[in-house]
Amino acid sequence: AQSVSQHNHHVILSEAASLELGCNYSYGGTVNLFWYVQYPGQHLQLLLKYFSGDPLVKGIKGFEAEFIKSKFSFNLRKPSVQWSDTAEYFCAVNARGNTGKLIFGQGTTLQVKP
Amino acid sequence: NAGVTQTPKFQVLKTGQSMTLQCAQDMNHEYMSWYRQDPGMGLRLIHYSVGAGITDQGEVPNGYNVSRSTTEDFPLRLLSAAPSQTSVYFCASSFLPGQGPPEAFFGQGTRLTVV
Chain A
1 AQSVSQHNHH VILSEAASLE LGCNYSYGGT VNLFWYVQYP GQHLQLLLKY
51 FSGDPLVKGI KGFEAEFIKS KFSFNLRKPS VQWSDTAEYF CAVNARGNTG
101 KLIFGQGTTL QVKP
Chain B
115 NAGVTQTPKF QVLKTGQSMT LQCAQDMNHE YMSWYRQDPG MGLRLIHYSV
165 GAGITDQGEV PNGYNVSRST TEDFPLRLLS AAPSQTSVYF CASSFLPGQG
215 PPEAFFGQGT RLTVV
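First to last, the protein sequences are chains A and B. Using the numbering used here, the letters of the first sequence map in sequence onto residues 1 to 114. Using the numbering used here, the letters of the second sequence map in sequence onto residues 115 to 229.
Honestly, the hints are just simulated from the structure, not real lab data. For each residue, glycine too, the CB sits at the ideal point set by N, CA and C. There's no promise every hint is true.
[Unchecked claim] Examples of chain A residues toward chain B, derived with CB under 10 Å:
{"hint": "1", "residue": "His9"}
{"hint": "2", "residue": "Phe72"}
{"hint": "3", "residue": "Thr99"}
[What the hints assert, rightly or not] Stretches of chain B that chain A covers, calculated by requiring three or more beta carbons in the stretch to come under 8 Å of a beta carbon on chain A:
{"hint": "4", "segment": "123-132"}
{"hint": "5", "segment": "154-166"}
{"hint": "6", "segment": "174-181"}
{"hint": "7", "segment": "186-200"}
[Claimed, not checked] Derived pair list, reagent style DSBU-like, types lysine-lysine, alpha-carbon separation capped at 35 Å:
{"hint": "8", "chain 1": "A", "residue 1": "Lys58", "chain 2": "A", "residue 2": "Lys101"}
{"hint": "9", "chain 1": "A", "residue 1": "Lys58", "chain 2": "A", "residue 2": "Lys71"}
{"hint": "10", "chain 1": "A", "residue 1": "Lys71", "chain 2": "A", "residue 2": "Lys61"}
{"hint": "11", "chain 1": "A", "residue 1": "Lys113", "chain 2": "B", "residue 2": "Lys128"}
{"hint": "12", "chain 1": "A", "residue 1": "Lys101", "chain 2": "A", "residue 2": "Lys61"}
{"hint": "13", "chain 1": "A", "residue 1": "Lys58", "chain 2": "A", "residue 2": "Lys69"}
{"hint": "14", "chain 1": "A", "residue 1": "Lys101", "chain 2": "A", "residue 2": "Lys69"}
{"hint": "15", "chain 1": "A", "residue 1": "Lys101", "chain 2": "B", "residue 2": "Lys128"}
{"hint": "16", "chain 1": "B", "residue 1": "Lys123", "chain 2": "A", "residue 2": "Lys61"}
{"hint": "17", "chain 1": "B", "residue 1": "Lys128", "chain 2": "A", "residue 2": "Lys71"}
{"hint": "18", "chain 1": "A", "residue 1": "Lys69", "chain 2": "A", "residue 2": "Lys113"}
{"hint": "19", "chain 1": "A", "residue 1": "Lys58", "chain 2": "A", "residue 2": "Lys113"}
{"hint": "20", "chain 1": "B", "residue 1": "Lys128", "chain 2": "A", "residue 2": "Lys58"}
{"hint": "21", "chain 1": "A", "residue 1": "Lys113", "chain 2": "A", "residue 2": "Lys61"}
{"hint": "22", "chain 1": "A", "residue 1": "Lys71", "chain 2": "A", "residue 2": "Lys101"}
Go ahead and model the full structure; you've got the sequences and the hints to work with.
As structure tokens, then:
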């Protein structure tokens, strides 16, 4: 069975600080990896995704993530956060060939202080 | 193009009552899923469907039923509501593009309280 673990549950940063959110997954086969963001009161939106190729993927709003296969990790990064990045962030994994079955991590709440 | 539409947005139920959460998508996506979101637990998959007439259990299926008679609709039924089912429920539809991973679209959510 697949599982996803996010290490940081609640992160507080000042504007312009750098961000790194950890994500590890457990699954023996090939996976697709995702990061979603949920702004207060809104539904989930896709930040970025990894399928194959370059393990460093860039997403919207200046976010990027690096897939390290040997570590089963897919950490999210942003060099300089803004107050508007305050949201909850979810890492998710989907076993290749099992479309429709996304498994999410517990989520990380990011609070950016102006 | 409405995307994924969930109704109702809010609902309060008494313990033991039954109800159906509606989910409809107008994008002709094959795949649909239901999740519940609880603080500190992330989103957990309840049931999913890979096409009309085909459904399967997710991580937390107990107490919920689904059916998929059409491509567009994927209702979630609570048979006998319990306080433990108080949660925010999200429906998603997804498709597999010609190249790349599946793309999922989420509804706005239904906030359910069971008293």
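Tested hints:
no.: 1; hint: His9; in the structure: 7 Å, holds
no.: 2; hint: Phe72; in the structure: 17 Å, violated
no.: 3; hint: Thr99; in the structure: 4 Å, holds
no.: 4; hint: 123-132; in the structure: violated (count 0)
no.: 5; hint: 154-166; in the structure: holds (count 9)
no.: 6; hint: 174-181; in the structure: violated (count 0)
no.: 7; hint: 186-200; in the structure: violated (count 0)
no.: 8; hint: A/Lys58 with A/Lys101; in the structure: 23 Å, holds
no.: 9; hint: A/Lys58 with A/Lys71; in the structure: 20 Å, holds
no.: 10; hint: A/Lys71 with A/Lys61; in the structure: 26 Å, holds
no.: 11; hint: A/Lys113 with B/Lys128; in the structure: 40 Å, violated
no.: 12; hint: A/Lys101 with A/Lys61; in the structure: 26 Å, holds
no.: 13; hint: A/Lys58 with A/Lys69; in the structure: 17 Å, holds
no.: 14; hint: A/Lys101 with A/Lys69; in the structure: 21 Å, holds
no.: 15; hint: A/Lys101 with B/Lys128; in the structure: 31 Å, holds
no.: 16; hint: B/Lys123 with A/Lys61; in the structure: 28 Å, holds
no.: 17; hint: B/Lys128 with A/Lys71; in the structure: 46 Å, violated
no.: 18; hint: A/Lys69 with A/Lys113; in the structure: 33 Å, holds
no.: 19; hint: A/Lys58 with A/Lys113; in the structure: 24 Å, holds
no.: 20; hint: B/Lys128 with A/Lys58; in the structure: 46 Å, violated
no.: 21; hint: A/Lys113 with A/Lys61; in the structure: 18 Å, holds
no.: 22; hint: A/Lys71 with A/Lys101; in the structure: 23 Å, holds
When held up to the earlier numbered hints, the structure conflicts with 2, 4, 6, 7, 11, 17 and 20 and fits the remainder.
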